[in-house]
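Residue numbers (my numbering), protein chains in the order written: chain S, 1 to 95; chain W, 1 to 95; chain X, 1 to 95; chain H, 1 to 95; chain L, 1 to 95; chain E, 1 to 95; chain G, 1 to 95.
Check before you lean on any hint, since a few could be wrong.
What the hints assert, rightly or not - Here are the computed lysine to any residue pairs in the SDA-like style, where the Cα-Cα straight-line distance is at most 25 Å: (1) H:K44 to L:N48; (2) G:K44 to X:S76; (3) L:K44 to G:I86; (4) G:K44 to E:T73; (5) X:K44 to S:D95; (6) E:K44 to X:E84; (7) W:K44 to S:P18; (8) S:K44 to H:E56; (9) E:K44 to W:G71; (10) S:K44 to H:Y60; (11) L:K44 to G:G83; (12) H:K44 to L:T73; (13) H:K44 to L:Y60; (14) H:K44 to G:Y60; (15) G:K44 to E:Y60; (16) E:K44 to X:I86; (17) S:K44 to L:D95; (18) W:K44 to S:E68; (19) W:K44 to S:Y60; (20) S:K44 to H:H75; (21) W:K44 to W:E88; (22) L:K44 to G:H75; (23) W:K44 to W:G83; (24) E:K44 to W:D95.
Honestly, the hints are just simulated from the structure, not real lab data.
Okay, here's what each chain looks like letter by letter:
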Amino acid sequence: MAQIRRLVVDVLKPHEPPVLAFTQQVGDAESIAGINATLLELDKEVQNVKLTIEGEAIDYDAIEALIEDAGGTIHSVDQVVCGEYIVENAPTPQD
Amino acid sequence: MAQIRRLVVDVLKPHEPPVLAFTQQVGDAESIAGINATLLELDKEVQNVKLTIEGEAIDYDAIEALIEDAGGTIHSVDQVVCGEYIVENAPTPQD
Amino acid sequence: MAQIRRLVVDVLKPHEPPVLAFTQQVGDAESIAGINATLLELDKEVQNVKLTIEGEAIDYDAIEALIEDAGGTIHSVDQVVCGEYIVENAPTPQD
Amino acid sequence: MAQIRRLVVDVLKPHEPPVLAFTQQVGDAESIAGINATLLELDKEVQNVKLTIEGEAIDYDAIEALIEDAGGTIHSVDQVVCGEYIVENAPTPQD
Amino acid sequence: MAQIRRLVVDVLKPHEPPVLAFTQQVGDAESIAGINATLLELDKEVQNVKLTIEGEAIDYDAIEALIEDAGGTIHSVDQVVCGEYIVENAPTPQD
Amino acid sequence: MAQIRRLVVDVLKPHEPPVLAFTQQVGDAESIAGINATLLELDKEVQNVKLTIEGEAIDYDAIEALIEDAGGTIHSVDQVVCGEYIVENAPTPQD
Amino acid sequence: MAQIRRLVVDVLKPHEPPVLAFTQQVGDAESIAGINATLLELDKEVQNVKLTIEGEAIDYDAIEALIEDAGGTIHSVDQVVCGEYIVENAPTPQD
């Protein structure tokens, strides 16, 4: 199976734990080399956070479990990169 | 025949298998060095995903078969790059 | 005569052969190091494809012949670069 | 626990101490390699400053304490990066 | 105290001395490695100039004194960077 | 006299010779290292082409003669760069 | 006195001498390493040209004299960079 190099997921989470602790908890997944959590929106009840995760062989199930343990839900998987190196999304006129 | 170095295709797929499993299945094609799957749109029935695929000699038929085996359809081929290296689309005033 | 290093042409073609086969056929020209075919528009009858071609000494006549053999027509030549290296179009306030 | 490499926080502060002294006070945190303070807005009572902080293992609690000692409040945590290197937020069509 | 690496200030000044002489006078501060003065606006009475100043350990008080000696006033401090290297303002969706 | 390193000219030309032959003819000037011809507009009678020419010591008179021999007219000289290296147009708020 | 590394000036000039000769005349200043002249606007009487000048120790008075000898007038000094290296104008939210 092709290894996952990058994963971009859109996550909904309650205010607790805060983004910092949430990111550290997800970032503890063994298969992750680095994680970027960027706040998209917040309202009274939930925070919408975009996670960009990179690694040699990312374990999606472990990450999903950590996100859910921390109270979050994956709303959508917005980008998946597999293979020997990270291929970027090539810009096209259809974008 | 000139070897294919990059292929950008616009794919329509049902919600199952999800983008992650779908990308890994297509990424298993032997001729692929890397694959980027970026979610463009999703509605109740289908997901619209843009695949950017790179390799030394990409086997289009094998990729199309893997996409169809995974329940997807190639809606359009948006970019093809052949040759000794990856030539980028040169910006022109007509763009 | 100054050698052609890059050629950008706007091509109209019928749906058959598809963009992939079309690009490979044109990419077989001996004088080409690499070719990028980007889909601009498609309607029922024709596809509008932008070709960015690079090489050390591109043979325009051979490329035009291959395009026409594959059923396409060069609608316009949008950029030509000649010389010892690829000079980019310098941005100016008139753009 | 995954180490924090970058932290972006939105801070509200009174006019005193001014941005310069404020940044130097926060920048004195031992865990910080560098800090960028960019003024977003200012009105009669408060200044809104965006802090981008980088380091090998940023100590959030120490930084929050220094911000509060200097009279500021963290209004939101806008980005957190953990891991072996700084992963940038990958652009996606959902942005 | 964390050393200042970059300072961006918005300055109001009369027409005399002109921007050139003004920049050279401020640029003579010992703690400055380089200074960029960019004209933002000018009307009959005043010129609005943005100064980007870089150095290893910028002495703000000395710079403020030089600006005032040259007839200028610091209207706002728009960016301060401290630490071992220059950290750039990380782009976020809140920008 | 300072040597010309880059020259950007806006040229009007009839449809014949086409852009390709036109560029090769101008590109044959001995003083040119490379030339980029980008199509700006075309109507029934004329083509508007932007030429970006680079070299160590560009001979403007020779280039103007070649353009005119090929039926073209220099409508405007939009950029001239002289000196030891190519200085780019620095962006300013007045742009 | 801090040495001038870059100077951006907005110049008004009559149509004669043309931009090319004008740039070469100004570019002959001993203190200049390179000069970029970009046409901003032209009407019947005057041309508006932006000069970006780089060097180790630019002599403003000599350049102003050369501009005036060539019939031009400095309308405004839009950027001045002094110091050990060229500091770029740092982008800020106030831009």
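Output the indices of the hints that this structure fails to meet, ascending.
2, 3, 6, 7, 8, 9, 11, 14, 16, 21, 23
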